[in-house]
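For chain A, the structure is supplied; the task is to place chain B on it using the hints.
Here's the letter readout for the chains.
Protein chains: 2
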Amino acid sequence: MFKKRENVAAIEEGKLLSPKFDKDGLIPVVTTDCKTGEVLMHSYMNAEALKKTIESKEAYYWSRSRKSVWHKGEVSGFIQKVIEIRIDDDQDSIWMSVDIGNGASCHVGYKSCFYRSMPLGKVENFEKVEMEFKEKKKRFDPNIVYKNKTNPTKI
Amino acid sequence: MFKKRENVAAIEEGKLLSPKFDKDGLIPVVTTDCKTGEVLMHSYMNAEALKKTIESKEAYYWSRSRKSVWHKGEVSGFIQKVIEIRIDDDQDSIWMSVDIGNGASCHVGYKSCFYRSMPLGKVENFEKVEMEFKEKKKRFDPNIVYKNKTNPTKI
Numbered sequence: 019m020f021k022k023r024e025n026v027a028a029i030e031e032g033k034l035l036s037p038k039f040d041k042d043g044l045i046p047v048v049t050t051d052c053k054t055g056e057v058l059m060h061s062y063m064n065a066e067a068l069k070k071t072i073e074s075k076e077a078y079y080w081s082r083s084r085k086s087v088w089h090k091g092e093v094s095g096f097i098q099k100v101i102e103i104r105i106d107d108d109q110d111s112i113w114m115s116v117d118i119g120n121g122a123s124c125h126v127g128y129k130s131c132f133y134r135s136m137p138l139g140k141v142e143n144f145e146k147v148e149m150e151f152k153e154k155k156k157r158f159d160p161n162i163v164y165k166n167k168t169n170p171t172k173i
Numbered sequence: 019m020f021k022k023r024e025n026v027a028a029i030e031e032g033k034l035l036s037p038k039f040d041k042d043g044l045i046p047v048v049t050t051d052c053k054t055g056e057v058l059m060h061s062y063m064n065a066e067a068l069k070k071t072i073e074s075k076e077a078y079y080w081s082r083s084r085k086s087v088w089h090k091g092e093v094s095g096f097i098q099k100v101i102e103i104r105i106d107d108d109q110d111s112i113w114m115s116v117d118i119g120n121g122a123s124c125h126v127g128y129k130s131c132f133y134r135s136m137p138l139g140k141v142e143n144f145e146k147v148e149m150e151f152k153e154k155k156k157r158f159d160p161n162i163v164y165k166n167k168t169n170p171t172k173i
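In order, the protein sequences belong to chains A and B.
Heads up, the numbering used here is the position in the first sequence plus 18, with the first residue counted as 1.
Heads up, the numbering used here is the position in the second sequence plus 18, with the first residue counted as 1.
In case anyone wonders, no lab produced these hints; they're calculated from the structure.
One or more of the hints may lead you astray.
Pairs involving identical chains hold if they fit within one copy or between any two copies, as the list cannot separate such chains.
What the hints assert, rightly or not - No more than 27 angstroms apart at the CA atoms, straight line, and that leaves these computed lysine-lysine pairs for DSS-like: (1) 33 - 22; (2) 140 - 33; (3) 41 - 152; (4) 152 - 99; (5) 38 - 85; (6) 99 - 53; (7) 154 - 75; (8) 69 - 53.
This is chain A alone, in the form it adopts within the complex (with noise of 0.2 angstroms):
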């Protein structure tokens, strides 16, 4: 489907797309805001969601609590529209820059998924170090847009 990996030389110097999904068939996506270069997202793409996202330069995913190919805005209406992607040295991990407009990309309802940052230095008890919310204020209320559905944070 995608050209094969055959040699480490072709991976990492070559210009040839040739991914490593991992044994589940799935490759790390990191998705981040082309005006502000903010980590938006997390996730994962299978090959079917990677050819989706080049063809149509929309954001597709592998929902891994739905096991399904997943049109990123398809409840929500927060499309993204793809400005770049690229792949790192091995082609083991995708970065796609996006344009969300105004919207919100995280399903709690914040415009990043990294919405609260930890503490940096010496810490004395690991069971208690208490990060800052970053957004104050939420882009949607989940409880509105996404009724219904199931949570896919899990335990």
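Structure of chain B alone, referenced to chain A:
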């Protein structure tokens, strides 16, 4: 070691750090340049690497090829000074913003591991997708810096 994961509300909306490590004991980490927002690396930490990173404010990772905790820069000298660490909604991935000065993050010699960009739009043949090099020049010669070290890239 960290706060036990007990309920979804606390994981998503709480302040306490309760990272989820996968069945191999790892959590994926996205590392970005604090000055430009570029994604530099996608890698993994185990609990020990995360603790060392928080306390020392220098990046430690888990090397899946060497199966050990790895102080980034211990061979190359390209230490990453940690500016901020965030965690995502379900606390199963990390975003770390770092200062690398004029250094580099990629074992192939580039500043970012994500030095190649794919073309977007209709694809005739997915076996022949030709990427563009976005970094034109390596920042160091890996044959000198990593002399006698095994290349971590696997087919």
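Going down the list of hints, with the structure as the test:
no. : hint     : result
1   : 33 - 22  : within (13 angstroms within a copy, 45 angstroms between copies)
2   : 140 - 33 : between (44 angstroms within a copy, 18 angstroms between copies)
3   : 41 - 152 : neither (35 angstroms within a copy, 29 angstroms between copies)
4   : 152 - 99 : both (25 angstroms within a copy, 20 angstroms between copies)
5   : 38 - 85  : both (19 angstroms within a copy, 20 angstroms between copies)
6   : 99 - 53  : both (12 angstroms within a copy, 24 angstroms between copies)
7   : 154 - 75 : between (31 angstroms within a copy, 25 angstroms between copies)
8   : 69 - 53  : within (24 angstroms within a copy, 32 angstroms between copies)
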